[in-house]
Amino acid sequence: MNGRSQVLLKLASLALLLFFGAAITARAQTARLEMGQLDRLGAKASQSVDVSIDERMMQLAAKFLSSKDPDEIKIKEVVAGLKGIYVKVFEFEREGEYTQADMASIRSQLTNPGWTRLVNVISKKDGSIEVYLMSNAAQIGGLVVLASDPKELVVVNILGPVDLDKLSQLEGQFGIPELEIEVRKPKQKN
Amino acid sequence: MNDDYLWDRTGKPDPEIQQLEEVLGTLRYQPRPLAIPAQVQSGKKQSHFSHFAIAAAIAVMVFGAGWWLLLTSRRAVDSARVRQTPAATAADPASVDSKAVGGSEHAVRSAIRSTEDDKIAQPRRSRAAQMLAGNVSRGRRQVVKRYEAITSERIEAEAAKEQLLLALRVASAKLSLAQKRTQGTYPANMIRNQHKVG
Chain P
0 MNGRSQVLLK LASLALLLFF GAAITARAQT ARLEMGQLDR LGAKASQSVD VSIDERMMQL
60 AAKFLSSKDP DEIKIKEVVA GLKGIYVKVF EFEREGEYTQ ADMASIRSQL TNPGWTRLVN
120 VISKKDGSIE VYLMSNAAQI GGLVVLASDP KELVVVNILG PVDLDKLSQL EGQFGIPELE
180 IEVRKPKQKN
Chain W
0 MNDDYLWDRT GKPDPEIQQL EEVLGTLRYQ PRPLAIPAQV QSGKKQSHFS HFAIAAAIAV
60 MVFGAGWWLL LTSRRAVDSA RVRQTPAATA ADPASVDSKA VGGSEHAVRS AIRSTEDDKI
120 AQPRRSRAAQ MLAGNVSRGR RQVVKRYEAI TSERIEAEAA KEQLLLALRV ASAKLSLAQK
180 RTQGTYPANM IRNQHKVG
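Heads up: the protein sequence lines correspond to chains P and W, in order.
Residue numbers 0 to 189, in numbering that gives the first Met the number 0, belong to the letters of the first sequence in order.
Residue numbers 0 to 197, in numbering that gives the first Met the number 0, belong to the letters of the second sequence in order.
With the rest of the complex left out, here is chain P (with noise of 0.2 Å):
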């Protein structure tokens, strides 16, 4: 192999790595969860629930929101910067249908950089619920709810900038419960 050849092989291994390091990067940076390997689960549960809206599903569901009508004013207002939601719930009749590999697939997508856990709680009688949040700079990228019990397993994963106070006021619109995350004043002291 001569030097010419050489140096070419170096190019194309140099460009080879810097093509799967802005893959992996790119990958790593978003706040897409890979939730394909769930699915499985469908067939066991007794009722589940699979929601992808992606960023044109989005536009175009918030395309046909009222303009006029307060409540759908926030729902659009909410919506308007995300890139996306995916939600899959599965309801179970029996206990130990999913297994913690499940669970464990998942949370390895939010051991990468960017991914905060805000909260966890952990109780056997109750379930887990896990919330994390992606921060890119100043900017909430996303939003993932984990929560599992022993008969149900939820993941919710928001993509975008997620306004936990344009949030709270949907509480009790559509359905919507209370979510009560409005900052509280301090109780006086008597």
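I should point out that these hints are in silico values taken from the structure, not numbers from a laboratory.
Hints should not be assumed to be uniformly reliable.
[To be verified] In silico DSS-like pairs for lysine-lysine, Cα to Cα no more than 27 Å straight-line: (1) 82(P) <-> 160(W); (2) 43(P) <-> 173(W); (3) 165(P) <-> 43(P).
[Claimed, not checked] Distance windows between CB atoms, simulated: (4) 140(W) <-> 75(P): 32 to 38 Å; (5) 63(P) <-> 68(W): 29 to 35 Å; (6) 58(P) <-> 141(W): 24 to 30 Å; (7) 147(W) <-> 72(P): 29 to 35 Å; (8) 9(P) <-> 141(W): 58 to 64 Å; (9) 138(P) <-> 134(W): 52 to 58 Å; (10) 43(P) <-> 136(W): 49 to 55 Å; (11) 142(W) <-> 106(P): 50 to 56 Å; (12) 119(P) <-> 152(W): 40 to 46 Å.
[Claimed, not checked] Here are some, though not all, of the chain W residues that point toward chain P, as calculated from beta-carbon distances under 10 Å: (13) 152; (14) 155; (15) 176; (16) 177; (17) 178; (18) 180.
All residues carry an ideal CB built from backbone N, CA and C; glycine is no exception.
Go by the hints and put chain W onto chain P.
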């Protein structure tokens, strides 16, 4: 001076008057038949009028033929719509048989002849009918396509809206649950005390 020559050409001729006579004599009246110049043609206006009349007659005939063709084609389209079968059934041997049922050989021949005439006339009529029907159906197809596109987009948007509301419902319910359970676990409220746990 004797002026008789001047009045009735008697007496002594005056040379000056004679000279004048010679000069002006060339202009005297000379009887000759009326000659019509070659470029002037009698009845030219009439000729223009006849051309115009011929052109008008042709135009009327063309317009009439077009009108008749349009009426015929419309009738053909209407009948095609009513039957929803092609008009070619008239040329079918079966129809010839049906025409000739109970008739003589002459009747059969005349039926065949009329069917052949129909075959010749049919393409002319059907071409116009096809053109008209093609235009109508093309326009209708475009309207239907546009309507279908709008309808499908609306259906898709409604479905997306429903899904969006469902997703928000689940997300907010789980966030609310996290909030409540966190408040039960930790003394202060969750949002104010956000910090990196993992």
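Have a go at the residue 180(W) hint: is there a Cβ in chain P nearer than 10 Å to its own Cβ? holds, 5 Å
For the pair residue 63(P) and residue 68(W), does the Cβ-Cβ distance stay inside 29 to 35 Å? violated, 49 Å
Verdict for residue 58(P), residue 141(W) (Cβ pair) under range 24 to 30 Å: Given about 27 Å between the Cβ atoms, the range holds.
Mind checking the hinted window 58 to 64 Å against the Cβ distance between residue 9(P) and residue 141(W)? Holds - the Cβ-Cβ distance for residue 9(P) and residue 141(W), about 59 Å, lies within 58 to 64 Å.
Taking the least C-beta to C-beta distance, is residue 152(W) closer than 10 Å to chain P? holds, 7 Å
So, residue 178(W) near chain P? Judge it on the closest CB pair being under 10 Å. This hint holds: residue 178(W) lies near chain P, its Cβ roughly 6 Å from the closest one there, short of 10 Å.
For the range 50 to 56 Å, tell me whether the beta carbons of residue 142(W) and residue 106(P) fit it or not. holds, 54 Å
Is it true that the C-beta distance of residue 140(W) to residue 75(P) lies inside 32 to 38 Å, as the hint says? holds, 36 Å
For the hint on residue 177(W), does the least C-beta distance to chain P fall short of 10 Å? Holds, about 5 Å.
40 to 46 Å was suggested as the range; check whether the CB atoms of residue 119(P) and residue 152(W) agree with it. holds, 42 Å
Has the hinted range 52 to 58 Å been met by the Cβ atoms of residue 138(P) and residue 134(W)? Given about 56 Å between the Cβ atoms, the range holds.
Pair hint residue 165(P) and residue 43(P), alpha-carbon separation not exceeding 27 Å: violated, 36 Å
Of the numbered hints stated above, those contradicted by the structure are hints 3 and 5, listed in ascending order.
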